[in-house]
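Chemist: Protein chains in written order, with our numbering: chain A, 1 to 130; chain B, 1 to 130.
If you are wondering where the hints come from, they were derived from the structure by calculation, not from laboratory data.
Every residue, glycine too, gets a C-beta built ideally from N, C-alpha and C.
Possibly wrong hints are sitting among the right ones.
[Unchecked claim] Covered stretches of chain B (in silico footprint by chain A; criterion: 3 or more residues with CB under 8 Å from a CB of chain A, positions within the stretch not fixed):
1. 9-15
2. 43-55
3. 80-90
4. 95-102
[Stated by the list, open to error] Examples of chain A residues lying across from chain B (beta carbon under 10 Å, computed):
5. ILE54
6. ILE58
7. PHE116
8. PRO123
9. ASN127
[What the hints assert, rightly or not] Cβ-Cβ distance ranges computed for the label pairs, FRET-style:
10. B:SER128 x A:HIS26: 20 to 28 Å
11. B:THR4 x A:ILE104: 18 to 26 Å
12. A:THR22 x B:ASN81: 36 to 44 Å
13. B:HIS91 x A:ILE104: 19 to 27 Å
14. A:GLU28 x B:LYS19: 23 to 31 Å
15. B:SER102 x A:ASN124: 23 to 31 Å
16. A:GLY35 x B:LYS19: 48 to 56 Å
17. A:ILE104 x B:THR41: 38 to 46 Å
18. B:ASN81 x A:GLN32: 34 to 42 Å
19. A:HIS107 x B:ARG44: 33 to 41 Å
20. B:ASP38 x A:LYS2: 43 to 51 Å
21. A:HIS107 x B:ASP62: 35 to 43 Å
22. B:ILE79 x A:ASN124: 21 to 29 Å
Protein chains: 2
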Amino acid sequence: MKTTRNTTAKTAVLEVFEKSKTALSHTEIQKQLNGICDRVTIYRILDRLMNDDIIHKISNLDGTVKYAKCNHSHQRVHIHNHAHFSCENCHEITCLENVKPSYIMPHNYKVKEINFTLSGLCPNCLNSNI
Amino acid sequence: MKTTRNTTAKTAVLEVFEKSKTALSHTEIQKQLNGICDRVTIYRILDRLMNDDIIHKISNLDGTVKYAKCNHSHQRVHIHNHAHFSCENCHEITCLENVKPSYIMPHNYKVKEINFTLSGLCPNCLNSNI
DNA sequence: AAAATATCGCAACAATGTTGCGATTAAATA
DNA sequence: TATTTAATCGCAACATTGTTGCGATATTTT
Ligand SMILES: [Zn+2]
Ligand SMILES: [Zn+2]
Ligand SMILES: [Zn+2]
Ligand SMILES: [Zn+2]
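Please construct the entire structure, taking both the sequences and the accompanying hints into account.
Modeler: Structural data, given as structure tokens:
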């Protein structure tokens, strides 16, 4: 069966995601939780949330890993084929739900998942004349 | 000035890249070098090779980082906008030099770099009826 | 050959993620 | 509601990956 339970820690993590407009790293989540639970617990909660397709993982060019809530709007099959933007100035990572790359693959590859991350300057930082 | 020197360790690392058809992680390089130099030295060599645009870095969905030789064929401006394929079975990562995504960005973003990684089954593993 | 400096080895550290296990707690059942 | 049971937690310990400082070494220039 493997029923997943609603614990206080899990609820708290979900609230953090709810409040945030950008993707969050494990460390950022831990800071916001303010010692409500152990850091190992956060790792395990993130694993469960990913398994349940409630959040998805984003690994960035510089090696940092972040997580963001899934947008379940109108897809039957749950797949993350949208792009992510990583700002080199403020280091925020946001989902670009509407940006989906088109591409042509060579034969004999079976593509199951894609990871499309763009980096540069986000609108905020672009306007702040960096 | 910062002239870069040709040392035995650097030459050995380059030979490892030359022999390999797929991208390599720091650990994989270290194993092939067989104790020829310290692991810190390998990190520093990789940094230099990246600076000199001889290799490029690929960060994978699962957080692993690999490096591959650059293909300097016929571009004036040196940019890595090609895709990479990561096999979920054999974990090999290969450059797909000819696969370049097309996409439409929202306004107000300044894109400087892209990271397009596809994962699934590579031709080898696909034929081995996994 | 001597001087200048890029590179190296080593030790020490930091960040991130994983595992095992006994204690705790949510949820199902009686 | 009280009991059961299994998912979750906390803690300690460990693994991996990457970084930094510094004195020693090796390469390049003069
Ligand atoms: Zn920004
Ligand atoms: Zn996303
Ligand atoms: Zn494969
Ligand atoms: Zn490549």
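Chemist: It remains to establish, for every hint, whether it holds in the given structure.
Modeler: Results of checking the hints against the structure:
1. For the region 9-15 of chain B, the proposed coverage by chain A is not satisfied: 0 residues have a C-beta within less than 8 Å of a C-beta in that chain, short of the threshold of three.
2. Only when three residues or more bring their CB closer than 8 Å to a CB of chain A does the claim for the region 43-55 of chain B stand; here the count is 0, and the claim is violated.
3. With a threshold of 8 Å between beta carbons, the proposed coverage of the region 80-90 of chain B by chain A holds, since 3 of its residues qualify and at least three are required.
4. Counting residues of the region 95-102 of chain B whose C-beta sits closer than 8 Å to any C-beta of chain A gives 6, which meets the bar of three, so the coverage hint holds.
5. Nearest Cβ of chain B to the Cβ of ILE54 of chain A: about 18 Å, over the 10 Å cut. The hint is violated.
6. Evaluation of the ILE58 of chain A hint against chain B yields a held restraint, the C-beta minimum of about 9 Å falling below 10 Å.
7. The closest approach between the C-beta of PHE116 of chain A and any C-beta of chain B is roughly 5 Å, which is under the 10 Å cut-off, so the hint is satisfied.
8. The beta carbon of PRO123 of chain A is positioned within 10 Å of a beta carbon in chain B (closest approach about 4 Å), and the interface hint is therefore held.
9. For the restraint placing ASN127 of chain A at the interface with chain B, the shortest Cβ-Cβ distance is roughly 8 Å, inside the 10 Å limit, so the hint holds.
10. For SER128 of chain B and HIS26 of chain A, the Cβ-Cβ distance of about 36 Å falls outside the hinted range of 20 to 28 Å, so the restraint is violated.
11. For THR4 of chain B and ILE104 of chain A, the Cβ-Cβ distance of about 37 Å falls outside the hinted range of 18 to 26 Å, so the restraint is violated.
12. Checked against the hint of 36 to 44 Å, the C-beta distance between THR22 of chain A and ASN81 of chain B comes to roughly 25 Å, which is inconsistent with it.
13. With their beta carbons about 24 Å apart, HIS91 of chain B and ILE104 of chain A fall inside the hinted range of 19 to 27 Å.
14. Restraint check, GLU28 of chain A to LYS19 of chain B: a C-beta distance of roughly 41 Å breaks the suggested window 23 to 31 Å.
15. The given range of 23 to 31 Å is respected by SER102 of chain B and ASN124 of chain A, whose C-beta atoms sit roughly 26 Å from each other.
16. Hint check: GLY35 of chain A to LYS19 of chain B, Cβ distance near 50 Å, so the stated range 48 to 56 Å holds.
17. Between ILE104 of chain A and THR41 of chain B, the C-beta spacing of about 40 Å keeps the proposed range 38 to 46 Å intact.
18. As the Cβ distance of ASN81 of chain B to GLN32 of chain A is approximately 35 Å, the hint placing it in 34 to 42 Å holds.
19. Taking the beta carbon of each, HIS107 of chain A and ARG44 of chain B are about 40 Å apart, inside 33 to 41 Å as hinted.
20. Here the CB-CB span from ASP38 of chain B to LYS2 of chain A is close to 45 Å, well matched to the stated 43 to 51 Å.
21. Checked against the given bound of 35 to 43 Å, the beta carbons of HIS107 of chain A and ASP62 of chain B, roughly 25 Å apart, lie outside it.
22. Look at ILE79 of chain B against ASN124 of chain A: about 25 Å separates their beta carbons, and that is inside 21 to 29 Å.
Violated hints, in rising order: 1, 2, 5, 10, 11, 12, 14, 21; the structure is consistent with all others.
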